[in-house]
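Please work from the sequences and hints to get the whole structure.
2 protein chains.
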Amino acid sequence: MFTDEYFMKMALSEAQLALEKDEVPIGCVVVSRNRVIARAHNLTETLNDVTAHAEMQAITSAANFLGGKYLKDCTLYVTLEPCVMCSGALSWAQISKVVIGARDEQRGFINQHLSLHPKTEMVTGIMENECSSIVKEFFRSKR
Amino acid sequence: MFTDEYFMKMALSEAQLALEKDEVPIGCVVVSRNRVIARAHNLTETLNDVTAHAEMQAITSAANFLGGKYLKDCTLYVTLEPCVMCSGALSWAQISKVVIGARDEQRGFINQHLSLHPKTEMVTGIMENECSSIVKEFFRSKR
Numbered sequence: 001m002f003t004d005e006y007f008m009k010m011a012l013s014e015a016q017l018a019l020e021k022d023e024v025p026i027g028c029v030v031v032s033r034n035r036v037i038a039r040a041h042n043l044t045e046t047l048n049d050v051t052a053h054a055e056m057q058a059i060t061s062a063a064n065f066l067g068g069k070y071l072k073d074c075t076l077y078v079t080l081e082p083c084v085m086c087s088g089a090l091s092w093a094q095i096s097k098v099v100i101g102a103r104d105e106q107r108g109f110i111n112q113h114l115s116l117h118p119k120t121e122m123v124t125g126i127m128e129n130e131c132s133s134i135v136k137e138f139f140r141s142k143r
Numbered sequence: 001m002f003t004d005e006y007f008m009k010m011a012l013s014e015a016q017l018a019l020e021k022d023e024v025p026i027g028c029v030v031v032s033r034n035r036v037i038a039r040a041h042n043l044t045e046t047l048n049d050v051t052a053h054a055e056m057q058a059i060t061s062a063a064n065f066l067g068g069k070y071l072k073d074c075t076l077y078v079t080l081e082p083c084v085m086c087s088g089a090l091s092w093a094q095i096s097k098v099v100i101g102a103r104d105e106q107r108g109f110i111n112q113h114l115s116l117h118p119k120t121e122m123v124t125g126i127m128e129n130e131c132s133s134i135v136k137e138f139f140r141s142k143r
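First to last, the protein sequences are chains Y and X. Per full-length UniProt numbering, residue 1 is the first one in the first sequence, and the count goes up by one each step. Per full-length UniProt numbering, residue 1 is the first one in the second sequence, and the count goes up by one each step.
Keep in mind that the hints are not guaranteed to be accurate.
[Said to hold, decoys possible] The calculated DSSO-like cross-link candidates involving lysine-lysine, where the alpha carbons are at most 30 angstroms apart (straight line), are:
| no. | chain 1 | residue 1 | chain 2 | residue 2 |
| --- | --- | --- | --- | --- |
| 1 | X | Lys-97 | X | Lys-9 |
| 2 | X | Lys-21 | Y | Lys-136 |
| 3 | Y | Lys-119 | X | Lys-142 |
| 4 | X | Lys-9 | X | Lys-119 |
| 5 | Y | Lys-142 | X | Lys-9 |
| 6 | Y | Lys-119 | Y | Lys-142 |
| 7 | X | Lys-142 | X | Lys-119 |
| 8 | Y | Lys-21 | X | Lys-72 |
| 9 | Y | Lys-72 | X | Lys-72 |
| 10 | X | Lys-72 | Y | Lys-142 |
| 11 | X | Lys-136 | X | Lys-97 |
| 12 | Y | Lys-119 | Y | Lys-21 |
| 13 | Y | Lys-97 | Y | Lys-21 |
| 14 | Y | Lys-72 | Y | Lys-142 |
| 15 | X | Lys-119 | Y | Lys-136 |
| 16 | Y | Lys-119 | X | Lys-97 |
| 17 | Y | Lys-119 | X | Lys-136 |
| 18 | X | Lys-72 | X | Lys-9 |
| 19 | X | Lys-97 | X | Lys-119 |
| 20 | X | Lys-119 | X | Lys-21 |
| 21 | X | Lys-21 | X | Lys-9 |
| 22 | X | Lys-136 | Y | Lys-72 |
| 23 | Y | Lys-9 | Y | Lys-21 |
| 24 | Y | Lys-21 | X | Lys-119 |
| 25 | Y | Lys-136 | Y | Lys-21 |
| 26 | X | Lys-97 | Y | Lys-72 |
| 27 | X | Lys-72 | X | Lys-119 |
| 28 | Y | Lys-9 | Y | Lys-136 |
Hints are computed from structural coordinates only; laboratory data are not their basis.
Okay, structure coming up:
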């Protein structure tokens with residue numbers, strides 16, 4: 001039951017909430033021992049704040065829930081590959097695992113030759129089409 | 001009067017406030033048209049939050065002051081070279097100028113071969129000794 005797809009669907013629901021606010025539709029959840037301890041979606045326009053990416057909010061929120069700044073035994077499910085800023089935050093958090101929906105060749109951290117913390121396992125391509133489509137559709141509608 | 005040293009001294013005062021809270025002593029100010037519009041110091045331990053670097057707080061605070069997410073006509077003065085996360089945030093903010101006190105060879109963004117936004121001018125080495133000493137002394141006292 002608690003598959004990567006199960007939690008990625010929740011991240012996609014968060015992306016949908018962003019879309020409804022006319023935000024770039026990216027969402028994520030943080031899961032610890034099969035329990036969702038944080039969920040967030042991109043709010044950069046709503047909050048007028050470039051730091052309000054889904055991942056940044058989720059890291060702060062999960063740390064608050066856990067009462068410690070390191071996200072040990074935690075997995076982040078995120079619909080789009082994190083940017084440089086968010087990958088840096090995930091590294092500081094020493095999160096155990098990051099599961100990515102779609103790649104972001106332009107703005108993602110991977111093509112910048114950055115890596116996450118040595119402790120962090122990474123998986124890509126979970127529900128890739130759905131995660132990619134929602135963002136592509138958003139930008140198409142803006143043109 | 002409004003020299004780089006003038007504003008870096010303010011950033012150093014912020015670093016001093018971090019030191020008094022037993023935080024890694026890094027501070028910054030954001031200046032727009034010779035006016036300080038945000039000031040912050042590292043609060044990662046106090047807030048239990050890896051994202052609470054001085055620069056991240058200052059970016060959010062300056063954007064809030066300006067009522068827009070882009071830090072046009074703004075200069076960030078920071079005592080230590082920004083990390084990957086903070087350099088990513090500064091890039092998203094398209095800040096006009098970044099003035100750095102001391103380099104951070106280990107954790108700084110420059111040795112990661114990252115760059116700021118093409119619009120962003122960068123200056124390093126302002127009050128380098130003072131900015132470096134306060135951090136080195138902090139880690140020496142922890143050993």
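Here is how each hint holds up against the structure:
no., hint, in the structure
1, X:Lys-97 <-> X:Lys-9, "holds, 17 angstroms"
2, X:Lys-21 <-> Y:Lys-136, "violated, 45 angstroms"
3, Y:Lys-119 <-> X:Lys-142, "holds, 24 angstroms"
4, X:Lys-9 <-> X:Lys-119, "holds, 25 angstroms"
5, Y:Lys-142 <-> X:Lys-9, "violated, 44 angstroms"
6, Y:Lys-119 <-> Y:Lys-142, "violated, 39 angstroms"
7, X:Lys-142 <-> X:Lys-119, "violated, 39 angstroms"
8, Y:Lys-21 <-> X:Lys-72, "holds, 25 angstroms"
9, Y:Lys-72 <-> X:Lys-72, "violated, 38 angstroms"
10, X:Lys-72 <-> Y:Lys-142, "holds, 24 angstroms"
11, X:Lys-136 <-> X:Lys-97, "holds, 26 angstroms"
12, Y:Lys-119 <-> Y:Lys-21, "violated, 35 angstroms"
13, Y:Lys-97 <-> Y:Lys-21, "holds, 29 angstroms"
14, Y:Lys-72 <-> Y:Lys-142, "violated, 39 angstroms"
15, X:Lys-119 <-> Y:Lys-136, "holds, 27 angstroms"
16, Y:Lys-119 <-> X:Lys-97, "violated, 35 angstroms"
17, Y:Lys-119 <-> X:Lys-136, "holds, 27 angstroms"
18, X:Lys-72 <-> X:Lys-9, "holds, 23 angstroms"
19, X:Lys-97 <-> X:Lys-119, "holds, 8 angstroms"
20, X:Lys-119 <-> X:Lys-21, "violated, 35 angstroms"
21, X:Lys-21 <-> X:Lys-9, "holds, 19 angstroms"
22, X:Lys-136 <-> Y:Lys-72, "holds, 28 angstroms"
23, Y:Lys-9 <-> Y:Lys-21, "holds, 19 angstroms"
24, Y:Lys-21 <-> X:Lys-119, "holds, 29 angstroms"
25, Y:Lys-136 <-> Y:Lys-21, "holds, 16 angstroms"
26, X:Lys-97 <-> Y:Lys-72, "violated, 36 angstroms"
27, X:Lys-72 <-> X:Lys-119, "holds, 10 angstroms"
28, Y:Lys-9 <-> Y:Lys-136, "holds, 18 angstroms"
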